[in-house]
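> The primary structure of each chain is shown beneath.
Protein chains: 2
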Amino acid sequence: MNITQTFLFQEINQQPETISRLISEETTAIHSLVKAVRERQITHVVIAARGTSDNAARYANYLLGAVNRLCVALATPSLFSIYKQAPHIGNALVLGISQSGKSPDIVAVLTEARRQGALTAAITNFPRSDLGLAAEHVIDLHAGEERSVAATKTYTSELAAIALFSAALANDESMQTALKGAPQFIAQTLNMDAEIARIAERYRYMRACVVIGRGFNYATAFELALKIKELTYTVVEPYSSADFLHGPLAMIEPGFPIIVIAPQGVMLGEMLEFTRILNKRQAEVIAISDDQELLSHARIPLQLPVSVPEWLSPLVAIIPGQLFAMHLAAVRDLDPDHPRALHKVTETR
Amino acid sequence: MNITQTFLFQEINQQPETISRLISEETTAIHSLVKAVRERQITHVVIAARGTSDNAARYANYLLGAVNRLCVALATPSLFSIYKQAPHIGNALVLGISQSGKSPDIVAVLTEARRQGALTAAITNFPRSDLGLAAEHVIDLHAGEERSVAATKTYTSELAAIALFSAALANDESMQTALKGAPQFIAQTLNMDAEIARIAERYRYMRACVVIGRGFNYATAFELALKIKELTYTVVEPYSSADFLHGPLAMIEPGFPIIVIAPQGVMLGEMLEFTRILNKRQAEVIAISDDQELLSHARIPLQLPVSVPEWLSPLVAIIPGQLFAMHLAAVRDLDPDHPRALHKVTETR
Numbered sequence: 004m005n006i007t008q009t010f011l012f013q014e015i016n017q018q019p020e021t022i023s024r025l026i027s028e029e030t031t032a033i034h035s036l037v038k039a040v041r042e043r044q045i046t047h048v049v050i051a052a053r054g055t056s057d058n059a060a061r062y063a064n065y066l067l068g069a070v071n072r073l074c075v076a077l078a079t080p081s082l083f084s085i086y087k088q089a090p091h092i093g094n095a096l097v098l099g100i101s102q103s104g105k106s107p108d109i110v111a112v113l114t115e116a117r118r119q120g121a122l123t124a125a126i127t128n129f130p131r132s133d134l135g136l137a138a139e140h141v142i143d144l145h146a147g148e149e150r151s152v153a154a155t156k157t158y159t160s161e162l163a164a165i166a167l168f169s170a171a172l173a174n175d176e177s178m179q180t181a182l183k184g185a186p187q188f189i190a191q192t193l194n195m196d197a198e199i200a201r202i203a204e205r206y207r208y209m210r211a212c213v214v215i216g217r218g219f220n221y222a223t224a225f226e227l228a229l230k231i232k233e234l235t236y237t238v239v240e241p242y243s244s245a246d247f248l249h250g251p252l253a254m255i256e257p258g259f260p261i262i263v264i265a266p267q268g269v270m271l272g273e274m275l276e277f278t279r280i281l282n283k284r285q286a287e288v289i290a291i292s293d294d295q296e297l298l299s300h301a302r303i304p305l306q307l308p309v310s311v312p313e314w315l316s317p318l319v320a321i322i323p324g325q326l327f328a329m330h331l332a333a334v335r336d337l338d339p340d341h342p343r344a345l346h347k348v349t350e351t352r
Numbered sequence: 004m005n006i007t008q009t010f011l012f013q014e015i016n017q018q019p020e021t022i023s024r025l026i027s028e029e030t031t032a033i034h035s036l037v038k039a040v041r042e043r044q045i046t047h048v049v050i051a052a053r054g055t056s057d058n059a060a061r062y063a064n065y066l067l068g069a070v071n072r073l074c075v076a077l078a079t080p081s082l083f084s085i086y087k088q089a090p091h092i093g094n095a096l097v098l099g100i101s102q103s104g105k106s107p108d109i110v111a112v113l114t115e116a117r118r119q120g121a122l123t124a125a126i127t128n129f130p131r132s133d134l135g136l137a138a139e140h141v142i143d144l145h146a147g148e149e150r151s152v153a154a155t156k157t158y159t160s161e162l163a164a165i166a167l168f169s170a171a172l173a174n175d176e177s178m179q180t181a182l183k184g185a186p187q188f189i190a191q192t193l194n195m196d197a198e199i200a201r202i203a204e205r206y207r208y209m210r211a212c213v214v215i216g217r218g219f220n221y222a223t224a225f226e227l228a229l230k231i232k233e234l235t236y237t238v239v240e241p242y243s244s245a246d247f248l249h250g251p252l253a254m255i256e257p258g259f260p261i262i263v264i265a266p267q268g269v270m271l272g273e274m275l276e277f278t279r280i281l282n283k284r285q286a287e288v289i290a291i292s293d294d295q296e297l298l299s300h301a302r303i304p305l306q307l308p309v310s311v312p313e314w315l316s317p318l319v320a321i322i323p324g325q326l327f328a329m330h331l332a333a334v335r336d337l338d339p340d341h342p343r344a345l346h347k348v349t350e351t352r
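Listed in order, the protein sequences are those of chains A and B. The opening residue of the first sequence carries number 4 in our numbering; numbering runs sequentially from there. The opening residue of the second sequence carries number 4 in our numbering; numbering runs sequentially from there.
Hints are computed from structural coordinates only; laboratory data are not their basis. Check the hints yourself; a few may be wrong.
Given that identical chains are not distinguished, each listed pair holds provided it fits within a single copy or across any two copies.
What the hints assert, rightly or not - EDC-like, lysine to aspartate or glutamate: derived pairs with alpha carbons at most 20 Å apart:
1. Lys-87 to Glu-273
2. Lys-38 to Glu-28
3. Lys-105 to Glu-273
4. Lys-183 to Asp-340
5. Lys-87 to Glu-313
6. Lys-105 to Asp-336
With the rest of the complex left out, here is chain A (with noise of 0.2 Å):
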């Protein structure tokens, strides 16, 4: 196999020109969601996501209470579409987040929304999908087809989705100038393919792993476990830093790999903390970061090469995991594109 035909590798490869096409592009759409929110004077946000999709919710979910201070609180899609018994959203922004637009259970949260009066809003990558035509407001990832089963360049998009949106509603010039250098910093992570590919060796046999990062980074944490899992097959468990200390703790014993995504930022003393706990366990500590000290704590450093702000870092420090999981499925042989029983679309009630 050679990996750089795949279509993971090339979306992979295509997130600086993805992004900067979403910038460029969806001005419009956005300035008029925000529009909307603050003549409605939204109070809370309602998210609905399944997958990947649901790792950016998870973004979503600190980027705007930090930086808009908004309570978000992500749906119970079962309560809307097989319980029929869903909550009174109030004066809400209800957003559906899906690559494709497709799965049922989302598309009833927002049906819903709307038929009680809610401000609705879908990213997605297909505007003319169920999900597209059920919101008022559709926010276009333009990401160009994305035909590996694993989403890579629609998860950075959607980041830099909900990033635009927070930032225009906060009216907040120095986010927007960083977001327009996110291409740039996604271009230069790439570069850390060859190290990766050599690294992922290793974890040839691995048989289970847990990921952390919290904060903005839950996110990460948790898109990466997932790119891992659909592409090789390990079992994978992410974890904020707080929730594993009360409890799963208890499954690390020496060696057990543990990747940890900690790039500067307030929390990154959190994560120093964390990481000698995990070194007095013997735990095998892989490090994602660009701060030097958390660096080397770890048995397997993996140094990011740029530095931005922690609010951004989401839509950088994904890219070395994407690498890894990518590099690990070639390393075992199996099929990048398709794995094992998944489709592109997943439809679920």
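We have chain A already, so just place chain B on it with the hints.
Chain B alone, transformed into the frame defined by chain A:
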């Protein structure tokens, strides 16, 4: 080791009396909270919790949504405790759930919520703890001291406290009557002990597994997974069936153990369909259910001896899970009362 002499065994078996006590002693506190919720015309709920208590929060997410039509958000404590960028909470009930009432991150959410003028309540086994003192309203679990590190009786008491609040707020007498039967239902379910002790042998060398529940029993899946992790150091991933189909399904190979929690109710059809997918992939299905058809699809059927309304089923369906985790620890000669690396009180900031 004589398992019956462990705190864990004793505390699991105390659950009927613990819940009886809660029901008889906390009526006044719950009615006072209900009165405040009504007077202040609360529109949404934010819940802060970690570990086992966070799983009780997942139950509240569904129960308060379905029965009381309240929009529920699980808090992002780090925005309060580490980033110091707390969202504007608005006219919400902010609920902290914690056995010890000590974790600083959870206390930080309640303190900030009260500062903002939100209605605050704590569900805790220690009303005089930091959490209890930070909240306007306190529901005391009355569970007695829990000496095993792994929480069992405080979990079902937290579920019962949430259900009592939901029933009182809905002014639903049939729910209140059903809840009074919970101690008896749990007592009957505890009779599965001998059967589960026998079955645990089969999983002596299980390294990883998945636990599935959706809707009301999403919480049960997470709590069962946490018990197995804490007590037996197995890597266990909990999922809703819908989330599992959006990627993680790829992990399943012939013989992969999957515990499916599927009591009778509206969600049963979904679980039947899901179990068929697992069988097609030759997974080893362990089913916890009171439905004959579902049990017939399982390699290892664990038949619940009682049938209860679906919203109440999490109080019953977790019992075989607690017993399974305990017996699996015994089968592996692990100390059920003192899992390695853990302490009874975990304080995260």
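> Each hint should be assessed against the structure and marked as holding or not.
Do the hints match the structure? See the list:
1. Lys-87 to Glu-273: Between. Shortest inter-copy distance 14 Å satisfies the 20 Å Cα cut-off; intra-copy 41 Å does not.
2. Lys-38 to Glu-28: Answer is within; shortest intra-copy Cα gap is 18 Å, inter-copy 51 Å.
3. Lys-105 to Glu-273: between (39 Å within a copy, 18 Å between copies)
4. Lys-183 to Asp-340: neither (30 Å within a copy, 54 Å between copies)
5. Lys-87 to Glu-313: between (39 Å within a copy, 14 Å between copies)
6. Lys-105 to Asp-336: neither (31 Å within a copy, 48 Å between copies)
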